[in-house]
Amino acid sequence: MSRVSVPCHVKGTVALQVGDVRTSQGRPGVLVIDVTFPSVAPFELQEIMFKNYYTAFLTIRVRQHTSTHTPAKWVTCLRDYCLMPDPHSEEGAQEYVSLFKHQSPSMTFPKWLSHPVPCEQPTPLLEGLPDPSRVSSEVQQMWALTEMIRASHTSTRIGRFDVDGCYDLNLLSYT
Amino acid sequence: MAALPVPLPSAKMAAVEKRRQAVAQATSFTDSGRPGVPRTAATAESEEDFLRQVGVTEMLRAALLKVLEARPEEPIAFLAHYFENMGLRSPANGGAGEPPGQLLLQQQRLGRALWHLRLAHHSQRTAFNNNVGVAYECLSASGRKKKPGLDGRTYSELLKRICRDGEAPEEVVAPLLRKIQCRDHEAVPLAVFRAGMLTCFVLLEFVARAGALYRLLEDPGLAMADRRLGQAVLDTLEGALQASDDTAPARYLEAGSRLGPDSLALAMDRALVARRPSAPMTREEFLEKAAALFIAKVKPVG
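So the protein sequences, as listed, match chains U and P.
Read in order, the letters of the first sequence are residues 1 to 175 in this note's numbering.
Read in order, the letters of the second sequence are residues 1001 to 1302 in this note's numbering.
One or more of the hints may lead you astray.
Think about it this way: if two alpha-carbon atoms lie no more than 20 angstroms apart in a straight line, the pair counts; the simulated SDA-like pairs of lysine to any residue are [said to hold, decoys possible]:
# : chain 1 : residue 1 : chain 2 : residue 2
1 : P       : Lys1297   : U       : Arg150
2 : P       : Lys1297   : U       : Glu90
3 : P       : Lys1299   : U       : Ala151
4 : P       : Lys1297   : U       : Ala151
5 : P       : Lys1066   : P       : Arg1125
6 : P       : Lys1297   : U       : Gln141
7 : P       : Lys1299   : U       : Ile149
8 : P       : Lys1299   : U       : Asp86
What the hints contain is simulated information worked out from the structure, not anything from laboratory work.
Excised from the complex, chain P in its bound form (with noise of 0.2 angstroms):
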């Protein structure tokens, strides 16, 4: 079998392969499920017509872009968990007779709201932002009870919910919480969500880098950090995050000057000098003081 390319459905190009078939009848090929035998125009625009019909063209070529815009390292994986996500959402779907409750819908409705947002890495800023309207759309929906709109309450559930995801401590975020919750009864207008969402995220990838960090810091035989080492880089951290009032450039290079190889070292090597050993580091304690570094540059919201 050719491996061939998934053709996108499109009336084009089906206009295209009736002109094909009409040609060249000798090869047969398997596409998109059809079998291989030359067959006449007629039985393929009824083929055509019925993948249209059951909507099966517009969900493959909405799944299609969705793998575009995200992609993944693993499409297959991808596609067969975002189907599985579209059979939940479908009515049609074999469920008990009697309408799952309210908190359930709720999870569900997190869930889903989770996979959005988790399809593009933040860096990808356009696809991270049309996730992000479309999870903000889902989590506003109406349900019986429930009035349309995103509630403070849904919206801290799912911080705390990425967060925990994230497997970032509860004291290391805890702090960025408080400064961009919103109140339980409060709205949460689109921006405010889309600016959480981000700091968010990226809140997660700098504690991992965090981690690494300390990893690197560590003695191997204690599994602990060195708390004068610990303690200059986080120092030095710290002073190149200094709001000077120079322009971006200069402050840019200021900070890449600070933070090279030779500065850091140098930092490391004089606190060593400088000062006694004292009790070691903890993961956790170095990883709250790095948070906390980031947090105080994140807006509260109000």
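If we strip away everything but chain U, and leave its shape as in the complex, we get (with noise of 0.2 angstroms):
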């Protein structure tokens, strides 16, 4: 089967902010890109290409129709996949990039992307990783227990009525 290049509209980039536009300083860190397929056949995305400048990670969303009586949803194929193992250093800033459709059952769509599926897992986990689960459940009990205690409070005082020691013994024989 030969390969086809699918044309697609590529919107320009909208940048994700968080707060007053006009007060926060400094670029934001997430950028969005819509991609857009005007009036396709249905097609089974195979590769995506493009080339990369200095983004580190990249998440791929897509909208699909499964028909036309459910409504369209997102689905997230990619999530934050790196394309820069350190953003502050060259590798990787200006790559080339392919991600492939894995061997999922394949979806077709009338106007948008079946999704691909990347070749590692959504996080691609190294070796040895500790369970996130495990990791997860402690660390949010650790959260829960913090929080409890900074929400108690004592409204009583102990009646001192010195500030930073002056009170103290030692001192009090000076004066």
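Make one complex out of these two single chains by using the hints.
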């Protein structure tokens, strides 16, 4: 089967910003690029190719129409895929990147991408990474215990009148 | 022998029992140590009177209430300790002819207070607060030379003892003690005492969780954790604890998403990818850093 490039329309980037755009300084970290496929017959996407320009992590989300009756929903195909191992270095900054569709059951959709499953897991895990669910459970309990103490407070004061120990006996004896 | 629930001694129940005895004389049963023979109403009355006079009725009632409040996993052992403790308290206890010295009394008081404080987990707040009250009274009791009230020095000793028994390393809890300790001569009010006890026990649980977390991060071969992993997890926790001025629900949602498995996996993965390996992080260092995050949120006494 020969490979054919699918015509697509790439919209301009939109910066995602939190807070007041006028007053916040510095450029935001997240930019969104919309890609649409205007009036194209159903197709099976095999590969996405692009040239990186100083983007560290990539997330791809796809909106799929499963049928005319159900509303279209967004699906995340790729989450925080690492393009640059160190965002502050040059490695990967201007590379050509290909993302392939994995051997998952193919789905065709009228006007949208079939979602390309990446070669690696959504979060590419190195060997021997600790179990995230258990780590998360412990950390969340620790967070909850800390929050509980932060929230509880005693309004009763112990009745100290000195500041910084100025009533310390040794000091008093000299005055 | 039928397994009967231990009846709470009360006059009402005794009246019901008398009526029951009059009707059903065929079956003999044992309960509360009474002999299993049918008996007349008059004997039952004198027995009940006897129990009440020696104070057993009241004592058993108090004991059972304590069991209900504490819901221990091993009720019999719990009751055994309870009565043992009570034996120490009673003046009729066969002791030496000479009254014990101040130091011994102090140690006994501390021990008893500790026992009370451990009856209920801090999450069982009502029971815990009740026990704190009892412990406070126990420590505030006036001895021969001691004035009534809880002094700062006893309070500090108690805090140290709780942490030691809870197997929390000294360096880990020292910053907390500095924050919530009182000066030796100061009188510690109940509210301060209660807050201090709660904070102490919660910290112990926090340290236990941190220990479990360290075990998860440990490299089985090294028996130590990769510094990058440990720091990444601690940094994520610190980030989630940063107080924003959002209302509580928003803050919890944000923390929940930051501390979810995906987010943590990402943080750990990024740390391993981004940084070169360096010296591993020991358990002590990890616990100290984790505890510091907790202690930072504790309000100092003042």
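Against the structure, the hints come out as follows:
A threshold of 20 angstroms between alpha carbons decides the hint, and for Lys1297 (chain P) with Arg150 (chain U) the separation of about 5 angstroms falls inside it, so the pair holds. For the proposed pair Lys1297 (chain P) and Glu90 (chain U), the alpha carbon gap of about 40 angstroms is over 20 angstroms, so the pair is violated. Between Lys1299 (chain P) and Ala151 (chain U) the alpha-carbon distance is near 10 angstroms, which keeps this suggested pair within the 20 angstroms criterion. Restraint check for Lys1297 (chain P) and Ala151 (chain U): the C-alpha separation of about 9 angstroms stays at or below 20 angstroms, so the hint holds.
As the CA atoms of Lys1066 (chain P) and Arg1125 (chain P) are separated by approximately 15 angstroms, the hinted pair is consistent with the 20 angstroms bound. For a cut-off of 20 angstroms, the pair hint linking Lys1297 (chain P) to Gln141 (chain U) stands: about 15 angstroms separates their Cα positions. The suggested pairing of Lys1299 (chain P) with Ile149 (chain U) holds, with an alpha-carbon distance near 9 angstroms, which does not exceed 20 angstroms. At roughly 39 angstroms between alpha-carbon atoms, Lys1299 (chain P) and Asp86 (chain U) are farther apart than 20 angstroms, so this suggested pair is violated.
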